[in-house]
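Engineer: Start from the sequences, fold in the hints, and give me the full structure.
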Amino acid sequence: MSILEVTNLKIHFPIKTGLFNRTVNHIKAVDGVSFQIEQGKTYGLVGESGSGKSTIGRGVIGLEKITSGKVIFNGVDITSKNSNRKEIRKNLQMIFQDPYSSLNPRKRILDIIAEPLRNFEKLTKKEEIKRVEELLELVGLSKENMMKYPHQFSGGQRQRIGVARAIALKPKLIIADEPVSALDVSVQAQVLNFLQDIQKELGLTYLFISHDLGIVKHFCDEISIMYKGRYVEQGTIEEIFNNPQHIYTKRLISAIPDMNPSNRDKQFRLRKKVQQEFDQRYHDYFDSEGLAYGLKSVSETHLVALQEDVEKVW
Amino acid sequence: MNRKLLEVKNLKTSFYINDGYYAAVDDVTLTVNENEILGIVGESGSGKSALAFSVMGLHTRAKMEGNIFFNGKDIVNVSKADLNKMRGNEMAMIFQDPLTALNPLMEIGAQISETFILHRPNMTKKIRKDRVIELLKMVGIPRPEYVYSQFPHELSGGMRQRVIIAIAIANQPKLLIADEPTTALDVTIQAQILDLIRELKETIESGVILITHDLGVVAEMADRVAVMYAGQIVEIANVYTLFKRPLHPYTRSLLHSMPTGGQDKLHVINGIVPSLKHLPRKGCRFAHRIPWMGAETHEENPILHEVEPGHYVRCTCYKNFSFQEDESKEA
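So the sequence lines, in the order shown, correspond to chains E and V.
Going by our numbering, the first residue of the first sequence is number 1, and it counts up by one from there.
Going by our numbering, the first residue of the second sequence is number 1, and it counts up by one from there.
Hints listed in this document are in silico derivations from the structure and should not be mistaken for laboratory results.
Even for Gly, the Cβ is constructed at its ideal location relative to N, Cα and C.
Among the hints, a few may not be true.
[As the list claims (entries may be wrong)] Taking beta-carbon pairs under 8 angstroms as the criterion, some of the chain V residues facing chain E (in silico):
{"no.": "1", "residue": "Glu43"}
{"no.": "2", "residue": "Glu154"}
{"no.": "3", "residue": "Ser156"}
{"no.": "4", "residue": "Thr188"}
{"no.": "5", "residue": "Tyr240"}
{"no.": "6", "residue": "Ile269"}
{"no.": "7", "residue": "Ile272"}
{"no.": "8", "residue": "Pro274"}
[What the hints assert, rightly or not] Quick list of in silico lysine-lysine cross-link-like pairs, DSS-like style, CA-CA up to 27 angstroms:
{"no.": "9", "chain 1": "E", "residue 1": "Lys273", "chain 2": "V", "residue 2": "Lys265"}
{"no.": "10", "chain 1": "V", "residue 1": "Lys265", "chain 2": "E", "residue 2": "Lys272"}
{"no.": "11", "chain 1": "E", "residue 1": "Lys250", "chain 2": "V", "residue 2": "Lys319"}
{"no.": "12", "chain 1": "E", "residue 1": "Lys200", "chain 2": "V", "residue 2": "Lys282"}
{"no.": "13", "chain 1": "V", "residue 1": "Lys265", "chain 2": "V", "residue 2": "Lys319"}
{"no.": "14", "chain 1": "V", "residue 1": "Lys265", "chain 2": "E", "residue 2": "Lys172"}
[To be verified] To spell it out: a stretch of chain E is covered by chain V in this simulated footprint if at least three of its residues, at any positions, have a beta carbon under 8 angstroms from a beta carbon of chain V; those stretches are:
{"no.": "15", "region": "2-8"}
{"no.": "16", "region": "44-51"}
{"no.": "17", "region": "121-133"}
Structural biologist: Shown next as structure tokens:
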């Protein structure tokens, strides 16, 4: 059963100008996106900045107003006004990108991690401290840290505090918005390993938002590539990385730096070739407004945004 | 062999913290040749940016010891006026943070023009504007005429970073220091910016110091690589050698912790980078992060050993280093 089902999600931001603040146009940050995430899986949303990937995450958790479309979480339509927001918030948590600005500098770690507990569970002071201790231990920090303030921690430690806060209520789905992009490689490894561990332990589902294809390849089961608010391709890791169909996906994959310096010229030529193809065949892949077409199935799990008649070229 | 452009000798840059000076860059010796990209890798806090700032003379309160020869001239104790003549002209820097490196109150065009006004006072206004627009085009900014009169807050992070690069390359510097130039950018833009730096290197034969924590970027760009840890260079080698035969435990750990595409566990380096004040100043600085290696494997005063021509490694602990049992499965 899928834990999250998003159907034709649209999030448009009005552009307002003039004396009366009239709405003159809309920015279509997310423009008709559908996907499902199975329980216990990791779903990656990939795209460049401005592609709308973060907006989807924020829309799902309720930080952004949804223009139209359906978001069904755990069998409940969370876009409908009658749904129990409180219950949803408890099961849906977020890990933010920047460990420096997502923790209140004036709160102690205890208060930061206990905040969701205080909102949802009636615990005595003692129980609360015990829970926070357990959570800190789970993220690999000692309990002596409880009375410290965020500035006393390194970036990796802060990110783990953010994770502790997110898992405090044992949520079902965690939206991780670029959780490691602000971290060093070794710390990044630590946080990613840790996210994988608690996924197994708590049966978590992740919506993993990232621009780093290397990490996505390592971490996710299924991914989708976004461009200007629309999906250009969706599939399993193998399908996207070994058999990319859309020119934009090919371009993204070819831009990943190769770790072997001997491949450098080969990589350079490949990039040139893909760029050339991108320029020449741009109109086969994008409509007159530069947007991706609707999705067509290539296989059961693999979807690509293609124009009807282009398929004959393949 | 190309001509030596920059030579850093036993450089020690120390900062005053509470009760005394602590060295952020400790005894660094390196050279950059013309038409060469030297990659410097290391985690945050390893001193790579402090090194770059030292070369550019941007530290105002630091104590600097040692020598930095640029084109044969020592620039450690050079006057501010002389330094100003060189900075932005013969040597330039691409800063890491596109949000803070630009003046929020100045139009983009004016910020780029500044370098021309300073270093090319004879240039007419019209030529200057043409040059600026040409530069904006070169770094891949769409509608350069329009962006010319925009303010930084109107541009995205990637665009701002390109403006910073445009400023740095305006006078075709002989030495270009790029401090994490693509960290804030998307992969496709990163690829374009890196191509741009490479092109620049080839056309004007500049020497480039590319500071990054991204090993992939180094693998694609650098000719030689220096790995820094806790203020020191722990390994320096030709890029092919370094990726094929990394020796120092830190280099190996770093390479090991990169995601390779498999779904296996990633390698995690024990412990954390010590803060400047609590840095062990004696013995191997990496020792406490590989605690399973006995004290006898380290040198008392670790120095750089030349293990093969051009390949230097600090300390002797690399000789019988291996990853710990449970973590070395995929090694």
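Engineer: Of the hints given before, which are not true for this structure?
Structural biologist: 2, 8, 9, 10, 11, 12, 15, 17
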